[in-house]
Amino acid sequence: MSDAKQIFIKDATLNAADGDQRAFIRKALGGYYVNRDLQKARYRDWERARDAASLAKWTAVNDLANQLEKFTANFERNGGVVHWARDSAEARAIILKIAADVNAKAIVKSKCMTSEEIHLNDALEKAGYGVVESDLGEFIQQLRGEAPYHFVFPCMHVKREAISELFTKHLGTAPTDSPEELTMIARRHLRQLYVDADIGITGANFLVAETGQISITENEGNARLTAALPRIHIALSGIEKVVNRLDDLAVLLPMLATAGAGQPMTCYNTLYAGPRKPGECDGPEQFHLVLLDNARTRLLADPEQRDALHCIRCGACLNVCPIFKNIGGLAYGTTYQGPIGSVITPHLRGLKQWNHLSSASSLCGACTDACPVRIDLHHHLLHNRRNAMKQSPSLFDRAFHAGFGFVMKRPTLFGLGGKVFRATLPLLKKLPLPYMSAWLKTRDLPAAPAQSFREQWKDSDHG
Amino acid sequence: MRVSLFVPCFVDQLTPQVGLATAKVLKRLGHAVEFRSAQTCCGQPSFNSGQWDVAREGALRTIEVFRGAEVVVGPSGSCVAMIKKFYPELLKDTPHLAAAEDLAARTFEFSEFLVNKLGVTDVGAKFAKKVTYHDGCHALRELRLKEEPRQLLRAVKGLELIESEEGESCCGFGGLFSAKFPMISTAMVQVKGGALARTGADFVVSSDPSCLLQIGGWLSREGKPILPLHIAEVLAHDA
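For the record, the sequence lines run as chains A and B.
Oh and the first sequence: position 443 is 443 in my numbering, straight run, nothing missing.
Just so we're on the same page, my numbering is the position in the second sequence counted from 1, plus 1000.
No lab work stands behind these hints, which were simulated from the structure alone.
Ideal Cβ positions, reconstructed from N, Cα and C, are used throughout, including at glycine.
The reader is advised that the hints may include incorrect statements.
If you want a taste of the chain A side facing chain B, the calculated C-beta under 8 angstroms gives, among others [unchecked claim]: (1) D20; (2) R231; (3) A360; (4) F404; (5) K409; (6) A438.
Capping the alpha-carbon separation at 30 angstroms, the derived lysine-lysine pairs in DSBU-like fashion look like this [said to hold, decoys possible]: (7) B:K1224 / A:K409; (8) B:K1027 / A:K458; (9) A:K390 / A:K352; (10) B:K1146 / B:K1117; (11) A:K409 / B:K1126; (12) A:K441 / A:K429; (13) A:K458 / B:K1126; (14) B:K1117 / A:K390; (15) B:K1157 / B:K1146; (16) B:K1157 / A:K27; (17) A:K430 / B:K1085; (18) B:K1085 / A:K409; (19) A:K441 / A:K10; (20) A:K5 / A:K441; (21) A:K419 / A:K390.
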């Protein structure tokens, strides 16, 4: 069993038994379902909008090399500098070098899951830079010393009282149970940090190839301050975030907001095109973009699962996933939680270590129905399971299914086996058998009937 | 019409009454019913476990068993989805794809067959009980059957249908998932089973016997006063 799997089983078991926490998450998502459905109803046809969004991403991802070239040419024409990073280490090195080149001391960062993926904060702190998260949820998680729980709602699992205590402890503020006051505390704390920061690091929701702009979506205005106030702006993005046309955002931005947060549009949608130009009164002196591969090209090479690169990180699949709702985001042990995380993490970090996430699913398909860009999520979990079995089959699984297959090919043996199974079921229930004892720990099995269907069936009665 | 029954392997061994009820309803509607005893399992446990070689053998066997059958009807959204949706995927790069697609086109889930193929919603059943319906995920999302079972239940004399909260939530069965990750599976059935019990219904009805095994197993362990019942058993009830 891989280390990651052992930790997963331990954490998932603990969390699945925590009824209070599960109820809290369910309640937190309750308002989202109502708002999402209200907003979806405002579309003339949500399903056709999904087709359009999916097509926009399909077109870009299936022409990725050309679109990236077009994007970078336009981005550089706007005055930005593009850096290519093959993996996390290269991306960290690039960002550390920029920081050293500009004699930076303080760094402010807005929400960027790609920076979580490359463990950027650790690297920056080790190199002696102060780095502060400016998104409220990420700021709270940073103070807690915990990874994001959900890649859109990073601290959705934290109760208000806990946030108040956290602020009292770290910022010395008076306890309060008012969400507005808590927000104001963070806001007052962060304002000066934007002014003092030398570098602002952001993510990117979309890279628009035809204009060379990056599109950033946010609700708090913190990404705008992060991008505009410090003298250096570094954006970090996966290479799959490209869209071909500015018009594509007309469908992608509202769908991102509706699917992800139940909003008609996210509060702030900004397009960034290059650093401050002569005569302009604000904006950074330098604008760098780090484009990260980190095994995305491996996924691109797999036609069966390439559509996982369509993901716009809205989080809709997490919000409807019964696994996510019952084990929580931290148990995954991944940057990207929930169904999309279970699909892509084996590609990004190794199938052998991470296939258990694909197995830990009832394959209910709620995620696939929720995905605004129509990623075939739950079927990809099946594909990962198949690939894992080809790559490194477990002996137990192999033997179990070989035995199963042997019996299934022989109806007489199947009938006989069934008979023995039914006759000995009361005894089997008492033995420490794999699967059976796991089932019986929380659930009963019906008493076995004396006769099977095939024993009771007579064709003559039904002709 | 001559209907060939597709009886899931665990229905055969654990809940044979579901298979018998399916046959009874079809016969009552005037159809001839056969059971081809060479059938065993559709191969889904192996398919879901990534053992596609083993599953492929199961698929080829099942295709052979039902060769020449006019229509194949199964009382399980899950096992029927295996034939209709996943056999073609399993066999797509083999010479057997056409045979898989041919079987898929002739195979129907029980409620789908009654409502969409036969155009029948009232099968002449009487059942004066309060029931709530559980959508199995395969029926709901792979086969897109939501209204069909409800139309059938609404036409049953005396039956009161109550919808539950968490209506479209998974029960947590997921085949071997329920035993490989029992803690997650149990958390899921707590959510689902709790919502079903709160409806105050006498029975939870579903087109999927595997979901009923999970839900019924948990309800029984928790001592909740609501019993699992397959939709075929409700529709077979005429007294």
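So if I understand the rule, the pair passes when the alpha-carbon distance is 30 angstroms or less; does B:K1224 with A:K409 pass?
violated (39 angstroms)
Regarding the hint that A:A360 lies at the interface with chain B, is the smallest CB-CB distance below 8 angstroms?
holds (5 angstroms)
30 angstroms limit on alpha-carbon distance, applied to hinted pair A:K390 and A:K352:
holds (11 angstroms)
Assess, step by step, whether the Cα of A:K441 is no farther than 30 angstroms from the Cα of A:K429, and give holds or violated.
It holds: about 10 angstroms lies between the C-alpha atoms, which stays within 30 angstroms.
Hint check: 8 angstroms Cβ-Cβ cutoff, A:F404 to chain B:
A:F404 check passes; min Cβ-Cβ to chain B is 6 angstroms, inside 8 angstroms.
Restraint satisfaction for A:A438 [CB to CB of chain B, less than 8 angstroms]
Since chain B brings a Cβ to about 4 angstroms from A:A438, closer than 8 angstroms, the hint holds.
Run the distance test for B:K1027 versus A:K458: straight-line Cα separation, threshold 30 angstroms.
Measuring from Cα to Cα gives roughly 14 angstroms; hence the hint holds.
Within a Cα-Cα threshold of 30 angstroms, do B:K1157 and B:K1146 meet the stated pairing?
holds (20 angstroms)
Are B:K1085 and A:K409 close enough, with their CA atoms no more than 30 angstroms apart?
Given that 30 angstroms is the threshold and the Cα spacing comes to 22 angstroms, the pair holds.
Restraint status (C-alpha distance of A:K458 to B:K1126 at most 30 angstroms):
holds (26 angstroms)
If you draw a straight line from the CA of B:K1157 to the CA of A:K27, is it 30 angstroms or shorter?
violated (38 angstroms)
For the pair supplied as a hint, A:K5 and A:K441, is the alpha-carbon distance within the 30 angstroms limit?
holds (21 angstroms)
Violation of the numbered hints given earlier is confined to hints 1, 2, 7, 11, 14, 16, 17 and 21; the remaining hints are satisfied by the structure.
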